[in-house]
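Single-letter residue listing:
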Amino acid sequence: QQQVKQSPQSLIVQKGGISIINCAYENTAFDYFPWYQQFPGKGPALLIAIRPDVSEKKEGRFTISFNKSAKQFSLHIMDSQPGDSATYFCAASKGHGNKLVFGAGTILRVKS
Amino acid sequence: GAVVSQHPSRVICKSGTSVKIECRSLDFQATTMFWYRQFPKQSLMLMATSNEGSKATYEQGVEKDKFLINHASLTLSTLTVTSAHPEDSSFYICSAIAGSLKFFGPGTRLTVL
Chain A
1 QQQVKQSPQS LIVQKGGISI INCAYENTAF DYFPWYQQFP GKGPALLIAI
51 RPDVSEKKEG RFTISFNKSA KQFSLHIMDS QPGDSATYFC AASKGHGNKL
101 VFGAGTILRV KS
Chain S
1 GAVVSQHPSR VICKSGTSVK IECRSLDFQA TTMFWYRQFP KQSLMLMATS
51 NEGSKATYEQ GVEKDKFLIN HASLTLSTLT VTSAHPEDSS FYICSAIAGS
101 LKFFGPGTRL TVL
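Chains A and S, in that order, give the protein sequences. 1 is the number of the first residue of the first sequence in this note's numbering; add one for each residue after it. 1 is the number of the first residue of the second sequence in this note's numbering; add one for each residue after it.
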């Protein structure tokens, strides 16, 4: 049973454009929603995370939007750059210290 | 920020041999570490939760006798793939908790011939 559904599977964006990746979760007990960036052959790196008591969080060019009633959250990458080309994973957990459930991943390619 | 290292970064072994992968938290103590497996172009799948000083908790479908986990200290957890087979070839990634954040290691690419 896939508890976190991520879309799209892949995404191509022009340099300077906005990249949007969406995730939906099923378990209402989840209360921690991070996004990870992974380059080929490397481990995932934490980008940004949000708790359900906040509807939006912004850090630099990265923004998480959270819709608790719809059980959805999304990552927006503003002014996308070729260096942003990577695989992005959303995840969810019950509390920070507990195991993460990952989405399937989105391969982002930013064309220069 | 917190750093998690893994050793080796890649390993090639013959079928039937055992391989040990180390995961270290370099500048913090981690009472809990997690081990994930990632097949090409797929997501990370949690294999087990490693707790310092106690037995690991394995996810459903993961053979604990095949994937031995030892969390000997607050900075080191090891994963041993016993009697490895080609289907065990994968990218193994550990993560550790530092405060309220989880940090991932760089991963270990295992290839079983």
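If you're looking for bench data, these hints aren't it; they were derived computationally from the structure. In this text, all values refer to a predicted model and were calculated from it rather than measured experimentally. Even for Gly, the Cβ is constructed at its ideal location relative to N, Cα and C. Don't take every hint at face value.
Claimed, not checked - Non-contacting residues of chain A with respect to chain S, defined by C-beta distances greater than 12 Å in every case (computed):
hint, residue
1, Gln6
2, Gly16
3, Ala24
4, Glu26
5, Pro52
6, Asp84
7, Ser93
8, Ala104
Unchecked claim - The calculated lysine-lysine pairs, modelled on BS3-like cross-linking and capped at a C-alpha distance of 30 Å, are:
hint, chain 1, residue 1, chain 2, residue 2
9, S, Lys20, A, Lys57
10, A, Lys58, A, Lys94
11, A, Lys71, A, Lys57
12, S, Lys64, A, Lys68
13, S, Lys20, A, Lys42
14, A, Lys71, S, Lys66
15, A, Lys99, A, Lys111
16, A, Lys57, S, Lys55
17, S, Lys14, S, Lys55
18, S, Lys14, A, Lys111
19, A, Lys99, A, Lys15
20, A, Lys94, S, Lys64
21, S, Lys14, A, Lys57
22, A, Lys58, S, Lys66
23, S, Lys41, A, Lys111
24, A, Lys71, S, Lys55
25, A, Lys5, A, Lys15
26, A, Lys94, S, Lys14
27, S, Lys55, S, Lys20
28, A, Lys42, S, Lys66
29, A, Lys94, A, Lys15
30, A, Lys15, S, Lys41
31, A, Lys71, S, Lys14
32, A, Lys57, S, Lys64
33, S, Lys64, A, Lys58
34, A, Lys58, S, Lys41
35, A, Lys57, S, Lys66
36, S, Lys14, A, Lys5
Claimed, not checked - So these bits of chain A aren't anywhere near chain S, every CB distance computed over 10 Å:
hint, residue
37, Lys15
38, Ile18
39, Asn22
40, Thr28
(request) Please write out, lowest number first, the hints stated earlier that are contradicted by the structure. (result) 1, 7, 8, 9, 12, 14, 15, 16, 18, 19, 21, 22, 24, 26, 29, 31, 32, 33, 35 and 36
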